[in-house]
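**Q** If you want the building blocks of each chain, they are given just below.
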Amino acid sequence: MIELNKKEEIQTIKRKHILILILELIPLALFGLVLVVAMVLLPFAFEDPDWMSDLYNYFGQFNSLYFIYFLISLLFFLLWNIAFLLFSVYYLDCWIVTDQRTIHTELKGLFNRYISSIYHHRIQDVSVDVGGVLPTYFNFGDLQIQTAGNFREFIFKKIPEPYETKSVVMEAQKKFLKMKKRSKTKFNEKNDDF
Amino acid sequence: MFFIVLLSISIISVLFFVVMFFTLTSHFERISLPDNGFEMNSKAINIYKKGGVLILIAMFLFLALIFI
Chain A
1 MIELNKKEEI QTIKRKHILI LILELIPLAL FGLVLVVAMV LLPFAFEDPD WMSDLYNYFG
61 QFNSLYFIYF LISLLFFLLW NIAFLLFSVY YLDCWIVTDQ RTIHTELKGL FNRYISSIYH
121 HRIQDVSVDV GGVLPTYFNF GDLQIQTAGN FREFIFKKIP EPYETKSVVM EAQKKFLKMK
181 KRSKTKFNEK NDDF
Chain B
1001 MFFIVLLSIS IISVLFFVVM FFTLTSHFER ISLPDNGFEM NSKAINIYKK GGVLILIAMF
1061 LFLALIFI
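Chains as they are written, first to last, in the numbering used here: chain A, 1 to 194; chain B, 1001 to 1068.
Okay, chain B solo, but in the shape it has when bound (with noise of 0.2 Å):
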C-alpha cells in the first residue's frame, strides 16, 4: 500500500513536469519574434530541462532507497 502510493506520487510529479515542460516549451516557441527578441529561449528551457530531470533523477533514487 505505502509503495503503490509513493509510486503513485513519483507518476503523477513525472506527468505534471511533462506536462508543465512542453506547454512553457510550446509558449516560448509562440512568442518568438523572427529576429529573435528572445535569444533566451533554448537556454531557459535546457536550464528547466536539466535541473527537472536532475531532480527527478534524485527523487526516483530516494525512491528505490527506501527499500533498500
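Excised from the complex, chain A in its bound form (with noise of 0.2 Å):
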C-alpha cells in the first residue's frame, strides 16, 4: 500500500499512453487471430489426413485433432497470461503527483517492484521531451525531473500531456515551497511531516 501523509493530496496519476499498451498487444492479438483461424480450419484438414499420418502412427489410439487443439490452447493461455503481465506492467507503472512530493511505482517483471518519491523541495529543474511522429500527433512524450540527491533523475516515460503535468508539478512545487516557508516548525523529511 502507498501511504499519504497526513493532508497530502493527490494532484495527478500519470501512467504511459494507452498507445504504448495497445502497440505492444497488437501482435498478441494477431498471433491469436492466428490461432482462432487454425481452431476453425483445421477439421477441414483432417478430412485428408494424408500429411498427418505420421501423428496417426504415433498416436492412432487417441485423437489427434483434439491434441492439436489441446496444444493451441495451451498458447491461447500463454498468450493471456503474458497479455495480462503487460497490462499489469502498463497500469502499475506510474507517476503520482502529490503537493507534497512525486512518487514513482514501476513493475519490473513479475517479481520486481520497484518505488521511489521525492519531495518538491528537492526538485531542481524540469524538462520536457517530446519527440517523432507519433508522439508529436497523440501528444505523448518523457518529463524528466532533476533532482538534488541520491535520485538525480526521475523520468516519466511517455505520459500524455506532458507540458500540462509539467505546470502540474511546478505550480506543486510553488505551493510546497510556500507552506515549507510559512510553517512554524522545520519540514521533518524522515518523519514526512510539517
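There is no bait here: all hints are sound.
Below, a sample of chain B positions facing chain A; criterion: calculated Cβ distance under 10 Å:
#, residue
1, Phe1017
2, Val1019
3, Phe1021
4, His1027
5, Tyr1048
6, Leu1061
7, Phe1062
8, Leu1063
9, Ile1068
Keeping only pairs whose Cα atoms sit at most 25 Å apart, straight-line, the calculated PhoX-like set for lysine-lysine is:
#, chain 1, residue 1, chain 2, residue 2
10, A, Lys108, B, Lys1043
11, B, Lys1049, A, Lys108
12, A, Lys16, B, Lys1043
No lab work stands behind these hints, which were simulated from the structure alone.
We treat Cβ as the ideally placed atom computed from N, Cα and C, and that holds for glycine.
Assemble the dimeric complex from its two separately framed chains, guided by the hints.
**A** Here it is as C-alpha cells:
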C-alpha cells in the first residue's frame, strides 16, 4: 500500500500513453487470431489425413485433432498470461504527483517492484521531451525531473500531456515551498511531516 | 507415457496460472491508494481470472477428448 502523509493530496496520476499498451498488445492479438483461424480450419485439413499420417501412426489410438486443439489452448493460455502481464506493467507503472512529493512506482517483471518518491523542495529542474511523429500527433512524451540527492533524475516515460503535467509539477512545487516557508516548525523529511 | 506427459503439462500450466494470479493480485493491492487511484484493480483481476479459468476448462476438455 502506498501511504500518503497527513493532509497530502493527489494532484495527478500519470501512466504511459494507452497507445504504448495497444502497440504491445497488437502482435499478441494477431497471433491469437492466427490460432483461432487454425482451430476453425483444422477439421477441414483432417478430412484429408495423408499429411497427418505420421501423427496418426504415433498417436493412433488418440484423437489427433483434439491433441492439436489442446496444444493451441496451451498457446492461448500463454498469450492470455503475457497480455495480462503487459497490462499490469502498463497499469502499475505510474507517477503520482501530490502536493508534497512525486512518487514513482514500477513493476519490473513479475517479482520485482520498485517504488521511489521525491519531495518537491528537492526538484531543481523540470524538462519535457516530445520527439517523433506519433508522440507529436498523440501528444505524449518524457518528462524529466532533475533532483538534488541520491535520485538525480525522475523520468516520466511516454506520458500523455507532458507539458500540462510539467505545469502541475511546477505549481505543486511552488505551493510546497510556500507552505514550507510559512510553517513554524521545520519540515522533517524523515517523519514526512511538518 | 503420452498421457503422463500431457497431464504434467496441464498441471504445470495450472500452477503457472495460479502463481501469476496471486502475484499480480498482491501487486495490485500493494500499489493501491487510499483514495482509489486504481479503480481498475478488481475489474482487471476479475477479467483475468475469468478468462484464465475459461481457457483452463477448454484445455482440460480437449485433454479429455483426446482419449475418447
